[in-house]
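One line per chain: the protein sequences are U and X, in this order. Going left to right, the first sequence walks through residues 1259 to 1445 as my numbering numbers them. Going left to right, the second sequence walks through residues 22 to 296 as my numbering numbers them.
Check each hint, because a few of them may be wrong.
[To be verified] The calculated lysine-lysine pairs, modelled on DSSO-like cross-linking and capped at a C-alpha distance of 27 Å, are:
{"#": "1", "chain 1": "U", "residue 1": "K1286", "chain 2": "U", "residue 2": "K1302"}
{"#": "2", "chain 1": "U", "residue 1": "K1383", "chain 2": "U", "residue 2": "K1399"}
{"#": "3", "chain 1": "U", "residue 1": "K1383", "chain 2": "U", "residue 2": "K1278"}
{"#": "4", "chain 1": "U", "residue 1": "K1302", "chain 2": "U", "residue 2": "K1383"}
{"#": "5", "chain 1": "U", "residue 1": "K1272", "chain 2": "U", "residue 2": "K1302"}
{"#": "6", "chain 1": "U", "residue 1": "K1383", "chain 2": "U", "residue 2": "K1424"}
{"#": "7", "chain 1": "U", "residue 1": "K1431", "chain 2": "U", "residue 2": "K1388"}
{"#": "8", "chain 1": "X", "residue 1": "K236", "chain 2": "U", "residue 2": "K1302"}
{"#": "9", "chain 1": "X", "residue 1": "K236", "chain 2": "U", "residue 2": "K1431"}
{"#": "10", "chain 1": "U", "residue 1": "K1383", "chain 2": "U", "residue 2": "K1272"}
{"#": "11", "chain 1": "U", "residue 1": "K1272", "chain 2": "U", "residue 2": "K1424"}
{"#": "12", "chain 1": "U", "residue 1": "K1376", "chain 2": "U", "residue 2": "K1302"}
{"#": "13", "chain 1": "U", "residue 1": "K1278", "chain 2": "X", "residue 2": "K236"}
{"#": "14", "chain 1": "X", "residue 1": "K41", "chain 2": "U", "residue 2": "K1419"}
{"#": "15", "chain 1": "X", "residue 1": "K236", "chain 2": "U", "residue 2": "K1376"}
{"#": "16", "chain 1": "U", "residue 1": "K1399", "chain 2": "U", "residue 2": "K1419"}
{"#": "17", "chain 1": "U", "residue 1": "K1388", "chain 2": "U", "residue 2": "K1376"}
{"#": "18", "chain 1": "U", "residue 1": "K1383", "chain 2": "U", "residue 2": "K1419"}
{"#": "19", "chain 1": "U", "residue 1": "K1383", "chain 2": "X", "residue 2": "K236"}
{"#": "20", "chain 1": "U", "residue 1": "K1431", "chain 2": "U", "residue 2": "K1419"}
{"#": "21", "chain 1": "U", "residue 1": "K1376", "chain 2": "U", "residue 2": "K1286"}
{"#": "22", "chain 1": "U", "residue 1": "K1286", "chain 2": "X", "residue 2": "K236"}
{"#": "23", "chain 1": "X", "residue 1": "K236", "chain 2": "U", "residue 2": "K1424"}
{"#": "24", "chain 1": "X", "residue 1": "K236", "chain 2": "U", "residue 2": "K1399"}
{"#": "25", "chain 1": "U", "residue 1": "K1278", "chain 2": "U", "residue 2": "K1419"}
{"#": "26", "chain 1": "U", "residue 1": "K1302", "chain 2": "U", "residue 2": "K1278"}
{"#": "27", "chain 1": "U", "residue 1": "K1383", "chain 2": "U", "residue 2": "K1408"}
{"#": "28", "chain 1": "U", "residue 1": "K1408", "chain 2": "U", "residue 2": "K1376"}
{"#": "29", "chain 1": "U", "residue 1": "K1399", "chain 2": "X", "residue 2": "K41"}
{"#": "30", "chain 1": "U", "residue 1": "K1272", "chain 2": "U", "residue 2": "K1286"}
{"#": "31", "chain 1": "U", "residue 1": "K1383", "chain 2": "U", "residue 2": "K1431"}
{"#": "32", "chain 1": "U", "residue 1": "K1376", "chain 2": "U", "residue 2": "K1419"}
{"#": "33", "chain 1": "X", "residue 1": "K41", "chain 2": "U", "residue 2": "K1388"}
Just so you know, these hints were derived from the structure itself, not from any lab.
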Amino acid sequence: MDDQRIIELIHQGKDQEAFKALYAHLPKVEHLVRQNSGRSGDAKDIFQDALIIFHRRVRSEGFTLTSSISTFLFAVCRNLWRDELRRRNKAMGEWKLDAEADEPADLTALLAREGEFKQAEQALKSLGAKCVDVLTRFYVKHEPLALIAKALGFSGEGAAKTRKYKCLEEARKRYRQLINTTVANPY
Amino acid sequence: MRDELHLMELVDRYLDGSMKVEERAAFETRANTNSELRQLITDQRVLHEGVARLALRSVVVRSAPSAGKGWIWPAIATVTIVIVATYAWMTWAGRTESDAPLIPVEQLPPSEPAPEVAPADVEPQEEPMDTLVIADTQVVIGRIQVPTNITPKERHAIIDSISVGARVDHSITTGEHVILLQNLLTPNGDGHNDRLIVPGGPYVRATMTVWNARKELVFQQESADPVWNGTLDNGQPAPDGYYGCEVVAIDRAGRTCGGSETVWLSWQAIPISVD
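Bound conformation, chain U alone (with noise of 0.2 Å):
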């Protein structure tokens, strides 16, 4: 599948279908990643969030492609994988590749905040599924209250509003300890 019908699906919210497509580039990132003291399930990690990064990119505002999908992938993933092997104190060996060059400029700026969006991710995760239920329907499908209330069984759009409120100042709160307490990021 060309890079461009890929970027169509994920505009018209065909999410499933654009990753499915995008999985043909992991075994490069597998590759990668076994050649440097990592394992497929570690590739496998990274590639994950790669496409997940790619992803929110894709939706930004003022996107554009600066080089292939795979090249965009690949050096994301590269990047990834050298701060992790940071955190377990090892360094990565010399990678040659003829699409270095080609590495997005901006991906430094891009990656810089990748740590606490983890953290995030993380501190949302531990709430529990029905938090991570409101919030999603709120933050993401925008659904309005009413229908969250009646969905999820609350008695009122009140009802939704507190718990939604409940669940973020919960996840405010166990996101700054994660982002106080933990040396290293955890992956």
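Start from chain U and add chain X according to the hints.
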């Protein structure tokens, strides 16, 4: 709480761009002089992103091609069953380790709970199988079936996954100081793998961090000699399963050492009689 709720909604509206120009300007002025509010905006922005990513992550995971290596987690789980059951049998029979028999996997009780990390898409494999003999310090403690086409490296990973040796490797060639952690934690009081420790301690400073299979922080300790006994912050035992452990330490020679390991925690393991 009402005020805080209201403030959070303001921040929501500020972030999603639904504020009108004048209101937005007033809100920004307020934020400029109020560092707590600025922090709230920053945090809430990150959390919004977190919610979006969490939703995406489930789609990403669902879209993954079914794993060809799906047998490896069941295989490791089976090995654990073999070990536990073998020890149980040895204790019951009062035999020494050297008498340990070869126990075919099929005869073992399938009572061990499946590890949390077991992928959902595990399917019965119909590949040709080999028998892999698992030995712990030369004593055969079990056999498992593995596909014939796995690489020696993968075979080694299976065996490695049940070994419990822990040490520190100071590599002269690479200059790395790698802490090799135990990968089995059975807090049953029998003196074997009862606690997760950092080998090579005490250190000048060491941090041990433990996550569960859902990558939620379970335990963290910074001390000269961090130890995890398998309990959660609230004193309850952590559920059986796989945990990720990472250690970063400065040793007395000033060297930074580190290591990480996937640790199998089992409260179900039957104590081995200590002579």
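Hint check:
{"no.": "1", "hint": "K1286/U / K1302/U", "result": "holds, 11 Å"}
{"no.": "2", "hint": "K1383/U / K1399/U", "result": "holds, 18 Å"}
{"no.": "3", "hint": "K1383/U / K1278/U", "result": "holds, 24 Å"}
{"no.": "4", "hint": "K1302/U / K1383/U", "result": "holds, 20 Å"}
{"no.": "5", "hint": "K1272/U / K1302/U", "result": "holds, 21 Å"}
{"no.": "6", "hint": "K1383/U / K1424/U", "result": "holds, 14 Å"}
{"no.": "7", "hint": "K1431/U / K1388/U", "result": "holds, 17 Å"}
{"no.": "8", "hint": "K236/X / K1302/U", "result": "holds, 15 Å"}
{"no.": "9", "hint": "K236/X / K1431/U", "result": "holds, 18 Å"}
{"no.": "10", "hint": "K1383/U / K1272/U", "result": "holds, 24 Å"}
{"no.": "11", "hint": "K1272/U / K1424/U", "result": "violated, 32 Å"}
{"no.": "12", "hint": "K1376/U / K1302/U", "result": "holds, 16 Å"}
{"no.": "13", "hint": "K1278/U / K236/X", "result": "holds, 24 Å"}
{"no.": "14", "hint": "K41/X / K1419/U", "result": "holds, 22 Å"}
{"no.": "15", "hint": "K236/X / K1376/U", "result": "holds, 10 Å"}
{"no.": "16", "hint": "K1399/U / K1419/U", "result": "holds, 15 Å"}
{"no.": "17", "hint": "K1388/U / K1376/U", "result": "holds, 20 Å"}
{"no.": "18", "hint": "K1383/U / K1419/U", "result": "holds, 19 Å"}
{"no.": "19", "hint": "K1383/U / K236/X", "result": "holds, 9 Å"}
{"no.": "20", "hint": "K1431/U / K1419/U", "result": "holds, 18 Å"}
{"no.": "21", "hint": "K1376/U / K1286/U", "result": "holds, 24 Å"}
{"no.": "22", "hint": "K1286/U / K236/X", "result": "holds, 25 Å"}
{"no.": "23", "hint": "K236/X / K1424/U", "result": "holds, 23 Å"}
{"no.": "24", "hint": "K236/X / K1399/U", "result": "holds, 25 Å"}
{"no.": "25", "hint": "K1278/U / K1419/U", "result": "violated, 36 Å"}
{"no.": "26", "hint": "K1302/U / K1278/U", "result": "holds, 13 Å"}
{"no.": "27", "hint": "K1383/U / K1408/U", "result": "holds, 23 Å"}
{"no.": "28", "hint": "K1408/U / K1376/U", "result": "violated, 31 Å"}
{"no.": "29", "hint": "K1399/U / K41/X", "result": "holds, 22 Å"}
{"no.": "30", "hint": "K1272/U / K1286/U", "result": "holds, 24 Å"}
{"no.": "31", "hint": "K1383/U / K1431/U", "result": "holds, 13 Å"}
{"no.": "32", "hint": "K1376/U / K1419/U", "result": "holds, 26 Å"}
{"no.": "33", "hint": "K41/X / K1388/U", "result": "violated, 32 Å"}
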